[in-house]
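Protein sequences, first through last, are from chains A and B. The working numbering applies: residue 663 is where the first sequence begins, and numbers increase by one. The working numbering applies: residue 663 is where the second sequence begins, and numbers increase by one.
Fair warning: there could be bad hints in the mix.
Identical copies carry no separate label here, and so any pair may be met within one copy or between two of them.
In the BS3-like style, the derived pairs of lysine-lysine whose C-alpha atoms are separated by at most 25 angstroms in a straight line are [claimed, not checked]: (1) K815 with K731; (2) K815 with K699; (3) K731 with K780; (4) K669 with K795.
Bear in mind the hints are in silico, worked out from the structure with no lab data behind them.
Number of protein chains: 2
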Amino acid sequence: MKTVPPKTVGRLTLYWRTLRDIPADQTHVYSHVLAAKSRLTPAQVRRDLMVLGYAGTPAHGYNVQLLRKHIEAFLFPASEQRVAIAGVGNIGRALLKFFSGRRPTLRIVASFEANPEKYDRLIQGCQCYSIEKAETVIREMDISVGIIAVPDKEAQFVADVFVGAGIRGILNFARAPLHVPPDVYVEDIDLAMAMDKVAYFARRQQAGSSAVG
Amino acid sequence: MKTVPPKTVGRLTLYWRTLRDIPADQTHVYSHVLAAKSRLTPAQVRRDLMVLGYAGTPAHGYNVQLLRKHIEAFLFPASEQRVAIAGVGNIGRALLKFFSGRRPTLRIVASFEANPEKYDRLIQGCQCYSIEKAETVIREMDISVGIIAVPDKEAQFVADVFVGAGIRGILNFARAPLHVPPDVYVEDIDLAMAMDKVAYFARRQQAGSSAVG
């Protein structure tokens, strides 16, 4: 299977959103319009869309509905793909709500917790199990995607459980670099780092403008 | 003022975490140890740390406490830096809890909402105001950082309000590319895109392994 870089996959989601928001009476769209909406170059857009095997025409550009269908076939699961989340603290619970019903074929079907006060009940409409049962539940429910929203020090343990149970894609909210085999894809979302960066550049700009003023 | 790239600032937060977790009886650390913990090269670590003006010595490496203090002086605000968040839905509320007390000098002091059922009261211990009062509140409270956690279609409006009120750093959770002046730093966190990427690569690995087996 041909390898598509993660950044290309990410940009395809941006094009899909743009296509979704195009009014129904507009049948075609040019690469430069898709590029402007995503703040990219038209050449980048055309290169990315080549992975779909649908090229459009120079005269009319891309057919909006066809391009959208091509991206959906590439990006979204055709049949149900199941997701589990470890950790149902503030972030975990917010993610359960956020992802609920967002994609018809991508569904969070289980959550895991080390805290006995939280497991063995429904949380945000989703059954919460003891983390000790994770490997069994993941295999029995055919879960292929894992979200890690546990405290940093527990993240590697959870990643090992996920990988051992056959999960090959992990969305990691813990601030810990995970060690996983090369065939496992990890996407890190580091909220604290993002906040520290924004705060740093905000201070720097303010200091810059006071120095001028 | 010398420009430090955002990625360097991000990596400094990784080194800081590693230093924070080093046992108190270990006085020095080599760049290759910091590199291994963050999964980077020693040369990258040494280059990044040069922005601090503290070089360590080839024989002993870096003094753990001194390096930590240097990074803190660079990365964290010396006096209180104030943050506002627009949107107190699931994600907004989770962020209010997550960032509460995380850095002593970086504090969310106000939230904004368009929904009258939500504003004019405390949410997660933080006063929630009507978005119409945002410009006044931001200026009066000297807020320099903004978090956007509103629905996608309202994100640009909120960004304009933030920028108009003097905010120069934005953490954006909306799935919309924001148009801001060049002196405003925006860090996008796109949860839906991250999830779609992870799901795509998880499917691809499973399809790959079934093809082989």
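Evaluation of the provided hints:
{"no.": "1", "hint": "K815 with K731", "in the structure": "between (42 angstroms within a copy, 23 angstroms between copies)"}
{"no.": "2", "hint": "K815 with K699", "in the structure": "between (40 angstroms within a copy, 14 angstroms between copies)"}
{"no.": "3", "hint": "K731 with K780", "in the structure": "neither (41 angstroms within a copy, 39 angstroms between copies)"}
{"no.": "4", "hint": "K669 with K795", "in the structure": "neither (34 angstroms within a copy, 38 angstroms between copies)"}
In summary, the numbered hints that this structure violates are 3 and 4.
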